[in-house]
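Read top to bottom, the protein sequences are chains U and W.
For the first sequence, our numbering gives the first residue as 3, with consecutive numbering after it.
For the second sequence, our numbering gives the first residue as 56, with consecutive numbering after it.
Treat the hints as calculated values from the structure; they're not laboratory data.
Only a predicted model underlies this, so the values are computations on that prediction, with no experimental measurement involved.
Where a beta carbon is used, it is the ideal one built from N, C-alpha and C, also for glycine.
A hint or two may mislead.
[Claimed, not checked] Cβ-to-Cβ under 10 angstroms is the rule here; a few derived chain W residues that face chain U:
| id | residue |
| --- | --- |
| 1 | D152 |
| 2 | E176 |
| 3 | F294 |
| 4 | S480 |
[Said to hold, decoys possible] 20 angstroms max Cα-Cα, derived EDC-like pairs, lysine to aspartate or glutamate:
| id | chain 1 | residue 1 | chain 2 | residue 2 |
| --- | --- | --- | --- | --- |
| 5 | W | K313 | U | E411 |
| 6 | U | K416 | U | D185 |
| 7 | U | K224 | W | D273 |
| 8 | U | K224 | U | D277 |
| 9 | U | K416 | U | E376 |
| 10 | U | K224 | U | E376 |
| 11 | U | K391 | U | E411 |
| 12 | W | K313 | U | D141 |
| 13 | U | K224 | U | E106 |
| 14 | U | K224 | U | E188 |
| 15 | W | K313 | U | E188 |
| 16 | U | K224 | U | E438 |
| 17 | U | K224 | U | E183 |
| 18 | U | K391 | U | E183 |
| 19 | U | K224 | W | E431 |
| 20 | U | K416 | U | E183 |
| 21 | U | K416 | U | E375 |
| 22 | U | K224 | U | D176 |
| 23 | U | K391 | W | E431 |
| 24 | U | K416 | U | E250 |
| 25 | W | K313 | U | D185 |
[Claimed, not checked] Interface residues of chain W toward chain U, partial, derived using beta-carbon atoms under 7 angstroms:
| id | residue |
| --- | --- |
| 26 | R92 |
| 27 | N95 |
| 28 | D106 |
| 29 | P156 |
| 30 | R308 |
| 31 | S351 |
| 32 | V432 |
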Amino acid sequence: MTDAALSAANAAGAAHASVRVERVRTQVVALRDGRLETALDDTEVGTGVAVVRSGSFGFAASVALGAQPAAALAREAVDAAGLTAPARRRPFVFADEPSHGRVEWSSPFRRNPMDVPLADKVALLGEWSRQLMGSAGVDHVGASVVAVQEDKYLADLSGTVALQRRVRIHPQVDVASVTAEGDFEEMRTLAPPTGRGWEYLEGDGWDFDAELAQLPDLLGEKLRAPSVRPGTYDLVIDPTNLWLTIHESIGHATELDRAMGYEAAFAGTSFATPDRLGSLRYGSPLLHVVGDRTADHGLATVAIDDQGVAAQSFDIVRDGVLVGYQLDRAIAASAGFGRSNGCAFADSPLHVPIQRMANVSLRPALGAGPSTEELISGVERGIYVVGDKSWSIDMQRLNFQFTGQRFYEIRGGKLAGQVRDVAYQATTTDFWRHVEAVGGTSTYLLAGAFNCGKGQPEQVAPVSHGCPSVLVRAVRVLNAREEAGR
Amino acid sequence: MSTTGLAPAAEVAERVVRAARGPCIAIVEERHEAEVRFANNTVTTDGIRVDRRVTAIVVEPPETPGGPGTAGVARRSGEVDVEELVAEARGSTSAVDDAAPLVEGAEDPDFGEDAAVTGLERLTPVVRSLVGAFARAEATGAVLSGFAEHRVTTTYLASSSGLRRRHAQPTGALQLVGRDDGASAWAGAGTADFGDVELEPLEETVRRGLGWAARRVDVAPGRHDVLLPPSAVADLMLFLAGAASGRESEEGRTVFSKPGGGTRLGELLAPLGFDLWSDPAEPGLECAPFFVTSVSSADTSVFDNGLPLGRTDWLRDGRLASLRYHRAGAERSHARPAAGADNLSLALAGADGSLEDLIATTERGLLLTCLWYIREVDPKTLLLTGLTRDGVYVVADGRVVGAAGNFRFNESPVDVLARATHASSAVRTLGREGGSWMNRTAMPALRVPDWNMSTASQAV
Numbered sequence: 003m004t005d006a007a008l009s010a011a012n013a014a015g016a017a018h019a020s021v022r023v024e025r026v027r028t029q030v031v032a033l034r035d036g037r038l039e040t041a042l043d044d045t046e047v048g049t050g051v052a053v054v055r056s057g058s059f060g061f062a063a064s065v066a067l068g069a070q071p072a073a074a075l076a077r078e079a080v081d082a083a084g085l086t087a088p089a090r091r092r093p094f095v096f097a098d099e100p101s102h103g104r105v106e107w108s109s110p111f112r113r114n115p116m117d118v119p120l121a122d123k124v125a126l127l128g129e130w131s132r133q134l135m136g137s138a139g140v141d142h143v144g145a146s147v148v149a150v151q152e153d154k155y156l157a158d159l160s161g162t163v164a165l166q167r168r169v170r171i172h173p174q175v176d177v178a179s180v181t182a183e184g185d186f187e188e189m190r191t192l193a194p195p196t197g198r199g200w201e202y203l204e205g206d207g208w209d210f211d212a213e214l215a216q217l218p219d220l221l222g223e224k225l226r227a228p229s230v231r232p233g234t235y236d237l238v239i240d241p242t243n244l245w246l247t248i249h250e251s252i253g254h255a256t257e258l259d260r261a262m263g264y265e266a267a268f269a270g271t272s273f274a275t276p277d278r279l280g281s282l283r284y285g286s287p288l289l290h291v292v293g294d295r296t297a298d299h300g301l302a303t304v305a306i307d308d309q310g311v312a313a314q315s316f317d318i319v320r321d322g323v324l325v326g327y328q329l330d331r332a333i334a335a336s337a338g339f340g341r342s343n344g345c346a347f348a349d350s351p352l353h354v355p356i357q358r359m360a361n362v363s364l365r366p367a368l369g370a371g372p373s374t375e376e377l378i379s380g381v382e383r384g385i386y387v388v389g390d391k392s393w394s395i396d397m398q399r400l401n402f403q404f405t406g407q408r409f410y411e412i413r414g415g416k417l418a419g420q421v422r423d424v425a426y427q428a429t430t431t432d433f434w435r436h437v438e439a440v441g442g443t444s445t446y447l448l449a450g451a452f453n454c455g456k457g458q459p460e461q462v463a464p465v466s467h468g469c470p471s472v473l474v475r476a477v478r479v480l481n482a483r484e485e486a487g488r
Numbered sequence: 056m057s058t059t060g061l062a063p064a065a066e067v068a069e070r071v072v073r074a075a076r077g078p079c080i081a082i083v084e085e086r087h088e089a090e091v092r093f094a095n096n097t098v099t100t101d102g103i104r105v106d107r108r109v110t111a112i113v114v115e116p117p118e119t120p121g122g123p124g125t126a127g128v129a130r131r132s133g134e135v136d137v138e139e140l141v142a143e144a145r146g147s148t149s150a151v152d153d154a155a156p157l158v159e160g161a162e163d164p165d166f167g168e169d170a171a172v173t174g175l176e177r178l179t180p181v182v183r184s185l186v187g188a189f190a191r192a193e194a195t196g197a198v199l200s201g202f203a204e205h206r207v208t209t210t211y212l213a214s215s216s217g218l219r220r221r222h223a224q225p226t227g228a229l230q231l232v233g234r235d236d237g238a239s240a241w242a243g244a245g246t247a248d249f250g251d252v253e254l255e256p257l258e259e260t261v262r263r264g265l266g267w268a269a270r271r272v273d274v275a276p277g278r279h280d281v282l283l284p285p286s287a288v289a290d291l292m293l294f295l296a297g298a299a300s301g302r303e304s305e306e307g308r309t310v311f312s313k314p315g316g317g318t319r320l321g322e323l324l325a326p327l328g329f330d331l332w333s334d335p336a337e338p339g340l341e342c343a344p345f346f347v348t349s350v351s352s353a354d355t356s357v358f359d360n361g362l363p364l365g366r367t368d369w370l371r372d373g374r375l376a377s378l379r380y381h382r383a384g385a386e387r388s389h390a391r392p393a394a395g396a397d398n399l400s401l402a403l404a405g406a407d408g409s410l411e412d413l414i415a416t417t418e419r420g421l422l423l424t425c426l427w428y429i430r431e432v433d434p435k436t437l438l439l440t441g442l443t444r445d446g447v448y449v450v451a452d453g454r455v456v457g458a459a460g461n462f463r464f465n466e467s468p469v470d471v472l473a474r475a476t477h478a479s480s481a482v483r484t485l486g487r488e489g490g491s492w493m494n495r496t497a498m499p500a501l502r503v504p505d506w507n508m509s510t511a512s513q514a515v
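Pulled out of the complex, with its shape left as it was, chain U reads as follows (with noise of 0.2 angstroms):
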């Protein structure tokens, strides 16, 4: 099929040519109030073919399998670059990336959730349920778990193949409280999304039944809670909350196709424009933040991207300066970049494959570093955030509103209970040039998310963020009900 397509390609006057054969198999399996809700198995297939003809990009895909259609396709993507050349002032480049030739990978799990039965699924998902159903205060619970299974095969005219599988799984559970008066709270599990496989759910990476025995406690203890006052507090934030924060304010921000304006009529644009490359201060000296598509377990973890680019690690914050950004091929050779850093990825073979973010992880604090409780304790008044629930952010990755599971008053260095409707309220660069410590390497967990939204047509991508607990001083924190002028 892929030969088919590049001779196709060739034949048809391309300088560039690539075929991505994927099937891409996800289960959702969900269960409400320990019954089942929702059982899906849907496995996609398809071929699609990227060329670059006469300087003019043209992409063509389809279900359909097999030499003949795959040569179809190269023709047509062919055409597609031909139709669109009138519009096209500026010659579309790939930057230069050497042969890889033969790759096979697959990231690391022990037990494929694919092979494992619904109904041992549902089995789990339900003893999960039951024990939480028969928790005092808890009305509500809903527990769900998405497994993906993505093989992908590649092949370019540089003669790079690649065969790889990757495998990830999300469990989740939430437990719902209301009251007579018609108050309510709801909770979910901190387990985050990860690159392995059922044995998440059995307890490697993850203590699952330590999670689901707290939950009726902590949820009950929400409802309990006072309301927060408004006002600037120190905060600590939890790696289960900072790993979005990070997402969203740094992530985003660093890649370069947002920072010259190629998503500026969709996902936006970026604060941090090449001009202050090695120059902008982004945060706190502490600040060391990694681009790294070759994280243990991480969910944009690869060994060759989607443009046939070999992953890599790099810096984008070091010493709290810009240094780096997330590329692809193209936007690498328009910026005049040597050689892309291995961000290209397709979320379907129906999709071009585009900029997407690496596991962009804050490195802990060199040596042991101080504990989630020793940040606490330097908080005269504060709120240590934990979990991630609700987020926002502007076009241009400045100003963002984040809420989250559950937030602790700090007083006087320790924790004095819990607080709701705590949302928190900054700018980028204030938020992070506010970091007065940062956790040890016992602090750190790496999070992160299945549907990162980016593109046109939309496409979502899997990524992993690591971080430690921070301290973060002099953040304005609102209260929801307030804002909502209750």
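Chain U is already provided as a structure; the job is to place chain W on it using the hints.
Then chain W, alone, in the frame of chain U:
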């Protein structure tokens, strides 16, 4: 074989039903898409694709909605081995709570026809127009970005009950963003076939916005009277409609829950008397007149596939009129089954005039262009947060006098409808954020007092 190299879609649906040898629903969705993306005054990427998803739903339906039943679902794309697909669905069969008898009905006369197609040729006029638009933008120091897309999805639904439905859904959108040194402006439109949408009028709207922004006016965050254009109203109403889950409202977990139990059905939410509805026959917003889904959820059910869809009023005369229920849920709750068609309309009876008329009668206020990165903060109130985008203009004495910076807002769409004081007539519009998944919306512009601009955003 069809033009795609795949077996005819209707035939595949029939084969799935035959392979099940029992109660079953087959869904075949074939989608043809074409798109052109542009940024920095040049075309960047383009693409064409052919997608086909085949879903087998093997069921044991009860005699009445809500009775005991089982379902197993499997979906594959491309050329599918239907025996394998059905076996996969059967292998995942489980007891479910949303079971209901299979929908019965006749065969659509066009059921056997091939799927409708589209291609990049549909977007050729846009590509041609872009050549001139890029040149004009460069001459004025502006930078254009945007996206043009056209797709046609043909859905085939067959079941062991004899139901045979086919619907071809054309969907298109054109969006244009113009940026200069300190400003951004947007225009966008949804369309079925690009027969009614051209680039030049959008370019003119963008040019007007950038012109308005030439004069900057400092406006502090706080509560302001705002004019919401139809696009911004659409993005808010999509959240309101999304929260209208019958089951979750009964459970006490939505803004439509009644304190102490039950729902707010019948309660007056919008004193001005707005109507909010979905209707597959809505002129200009036509969509599938039957229900289709491959997954069940709190208020949608695979058993309801093929259920005829008519007009569903979510708000009628300002009162909450419907919440979403599948048939089984409705039976349990003694409610009416309700499912939304693939469009959403908001209107105020008797309202006329346009956004421009609202501007002309506004003494002082902020005219917004788009809302962006809208996320739920608190389900109890449906408090949403988000940003203004692509132009916040200062209106004084009935005309635009300059542009302010952007803001983060915290507002609930339920409260917005409750507080709105004026509405224009409704027009077809494209939500800046939600338009990518709900293309067919018709909304009025609204004047809303005391809009909560929580903080300023430096973003352009």
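Outcome of the hint check:
1. D152: OK, holds: D152/W within 10 angstroms of chain U, min 5 angstroms.
2. E176: Since chain U brings a Cβ to about 8 angstroms from E176/W, closer than 10 angstroms, the hint holds.
3. F294: 12 angstroms, violated
4. S480: 28 angstroms, violated
5. K313/W / E411/U: Outside the cut-off at roughly 31 angstroms; violated.
6. K416/U / D185/U: Violated, at about 28 angstroms.
7. K224/U / D273/W: Roughly 40 angstroms separates the two Cα atoms, so the pair is violated.
8. K224/U / D277/U: With a Cα-Cα distance of about 46 angstroms, the restraint between K224/U and D277/U is violated, given a limit of 20 angstroms.
9. K416/U / E376/U: 10 angstroms, holds
10. K224/U / E376/U: With a Cα-Cα distance of about 24 angstroms, the restraint between K224/U and E376/U is violated, given a limit of 20 angstroms.
11. K391/U / E411/U: 18 angstroms, holds
12. K313/W / D141/U: 16 angstroms, holds
13. K224/U / E106/U: Violated - the C-alpha atoms of E106/U and K224/U are around 48 angstroms apart, more than 20 angstroms.
14. K224/U / E188/U: 9 angstroms, holds
15. K313/W / E188/U: At roughly 17 angstroms apart (the allowed maximum being 20 angstroms), E188/U and K313/W satisfy the hint.
16. K224/U / E438/U: With Cα atoms ~28 angstroms apart, K224/U and E438/U exceed 20 angstroms; violated.
17. K224/U / E183/U: 16 angstroms, holds
18. K391/U / E183/U: Violated - the C-alpha atoms of E183/U and K391/U are around 24 angstroms apart, more than 20 angstroms.
19. K224/U / E431/W: Satisfied, since the Cα-Cα distance of roughly 19 angstroms is no more than 20 angstroms.
20. K416/U / E183/U: 32 angstroms, violated
21. K416/U / E375/U: Status holds; Cα separation ~8 angstroms.
22. K224/U / D176/U: 14 angstroms, holds
23. K391/U / E431/W: Given pair K391/U, E431/W holds - Cα atoms ~9 angstroms apart, limit 20 angstroms.
24. K416/U / E250/U: The given pair, whose Cα atoms are some 29 angstroms apart, is violated under the 20 angstroms limit.
25. K313/W / D185/U: With Cα atoms ~10 angstroms apart, K313/W and D185/U stay inside 20 angstroms; holds.
26. R92: Interface hint status for R92/W: holds (6 angstroms vs cutoff 7 angstroms).
27. N95: 5 angstroms, holds
28. D106: Holds, about 6 angstroms.
29. P156: Hint violated; P156/W Cβ to chain U Cβ min 19 angstroms, cut 7 angstroms.
30. R308: 6 angstroms, holds
31. S351: 5 angstroms, holds
32. V432: OK, holds: V432/W within 7 angstroms of chain U, min 5 angstroms.
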